[in-house]
Amino acid sequence: MSRELELVVVGGGIAGTMAVLVAASRGIDVGWIADDLGPEDQSAHWHGHLHRGRLYDPVRERELIEELEGNARFWWSDAVAPFHTPTPTLAVGPDDDWADAYRRRLGSGARPVAHPGYLQDDVRAVGTDEAILDGPAFLGSARRLAAGEATTVRGRCTRVRGRSGRWRLDWTNPAGARGELAARRVIVATGTASAQLVPGDVRLDRTLDSRLSRMLVLRGDLPAAAAIVPSRSAGGLFFASRETGRPGDRVWLVSDGFSSPGDLPVGALTDGWWACSVVERLTGFLREEALDGLGIGAYRAPKSRLQSSPTQVPAEGYALGGNGTFACLTPSKWTSSPTSAASAVAALLPERRAMPDTLDAMADLLASFPAPAGVPLRETWESVDTRTPLAGLLPHSTSSLRAAAGLFADAARRPTAAAAADERVVA
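In the numbering used here, the protein residues as written are -16 to 410.
Some hints could be false.
What the hints assert, rightly or not - Here are the computed distance ranges between Cβ atoms for each label pair: (1) Pro65 - Gly228: 37 to 45 Å; (2) Ser351 - Gly231: 35 to 43 Å; (3) Arg87 - Ala158: 38 to 46 Å; (4) Ala165 - Gly228: 40 to 48 Å; (5) Val96 - Pro372: 25 to 33 Å; (6) Gly90 - Pro333: 33 to 41 Å; (7) Ser351 - Ser382: 50 to 58 Å; (8) Ser60 - Leu252: 42 to 50 Å; (9) Asn306 - Gln179: 19 to 27 Å; (10) Asp368 - Asp83: 41 to 49 Å; (11) Pro206 - Asp83: 21 to 29 Å; (12) Gly131 - Glu(-13): 18 to 26 Å; (13) Pro65 - Arg229: 24 to 32 Å; (14) Ser351 - Gly276: 45 to 53 Å.
What the hints assert, rightly or not - Below, computed lysine to any residue pairings styled on SDA-like, alpha-carbon distance capped at 20 Å: (15) Lys286 - Ala178; (16) Lys286 - Glu23; (17) Lys286 - Glu365; (18) Lys286 - Gly307; (19) Lys286 - Ala64.
These aren't lab readings, by the way, just hints derived from the structure by calculation.
Using N, Cα and C, we set each Cβ at its ideal position, and we do this for glycine too.
From just these sequences and the hints, can you work out the full model?
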């Protein structure tokens, strides 16, 4: 029997990695079971925007906005700065009145910018202090750092058993070897797979839930861009670009705030309607020539969450059970993952709460760890095939709805393993 650890974290995405770094920064004896990331993992669907609440309705999601603002001290620290991409983030709106109101709301977080050539003449843009993070590079570095700070198993947790304060975690690795870790406390941070690892007699104080987001991927001769459209009429539209390494070819991820409950059946009508609506909103902001000759693809992104009301987002991002010794960590956003992880660790180990300096301690850990060159981790959207012409979704008609729905059907049929993150960093 291996020694009993104070805490074991399960999950190699942003949530699990952050939980390990929080524990390490608090001097906790932590174990980590972390599998390689694949396209089914939530962290592989991230778009890069580090939201500070600028995208969200300040009334409907007030708690989430406050949490995102609270994370600013970590994501805009010197330790994370090397991972920010050079493309500035713009907020895009319909007219001068909107732009003036937005600048007043953000104050020092907004700045005037030259009109980008890819926007229509009557559309206004405001520079915002939101940023785009190189997610693969950051997560690659964070995983390497976490692996050095924890008793680490590169593999998959297959079962959590035992009782409060005396947990056993079974694991298997890619070579087929099996083993177990013993822990007094457990954090499960495996996204939509989390519910499968909750022991049957553990009752969580919040219900685990899931949602299904949809992503459009444009590819072609596109400008470097990072923009949000923070308006109700545009549904919180955002887009971000990534270089492909081929001349004249760049990929854009385009999405919005719409998602379906994860327990509803996937329907072609919903897929088609969503894709056509996003394209329609894009054409309301972008110049027609910017969209000429582009290919378009799409995919569904399953994501975990805690059950919430239509007007409230659980800001803490974790559910607690097992008499305070078991937690499921499901941060609402990448941006909120530092405080979500810190809150979960503090809930399990209240005697080590000491929260005010947790984010600074995590940043200090990362500051001593350089950003690696050539990180092999890729997000799912960078590898989506875009053979369908974008023009096939315009104008909106029955045929364009069918074409839009077909984008998702094609993505489901195509194998994704080759496009997955092939990261072997946890030894």
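Hints versus structure:
no. : hint                          : in the structure
1   : Pro65 - Gly228: 37 to 45 Å    : 20 Å, violated
2   : Ser351 - Gly231: 35 to 43 Å   : 39 Å, holds
3   : Arg87 - Ala158: 38 to 46 Å    : 59 Å, violated
4   : Ala165 - Gly228: 40 to 48 Å   : 45 Å, holds
5   : Val96 - Pro372: 25 to 33 Å    : 31 Å, holds
6   : Gly90 - Pro333: 33 to 41 Å    : 37 Å, holds
7   : Ser351 - Ser382: 50 to 58 Å   : 57 Å, holds
8   : Ser60 - Leu252: 42 to 50 Å    : 45 Å, holds
9   : Asn306 - Gln179: 19 to 27 Å   : 21 Å, holds
10  : Asp368 - Asp83: 41 to 49 Å    : 42 Å, holds
11  : Pro206 - Asp83: 21 to 29 Å    : 25 Å, holds
12  : Gly131 - Glu(-13): 18 to 26 Å : 21 Å, holds
13  : Pro65 - Arg229: 24 to 32 Å    : 25 Å, holds
14  : Ser351 - Gly276: 45 to 53 Å   : 46 Å, holds
15  : Lys286 - Ala178               : 12 Å, holds
16  : Lys286 - Glu23                : 9 Å, holds
17  : Lys286 - Glu365               : 18 Å, holds
18  : Lys286 - Gly307               : 25 Å, violated
19  : Lys286 - Ala64                : 27 Å, violated
Checked against the numbered hints above, the structure breaks hints 1, 3, 18, 19 and satisfies the rest.
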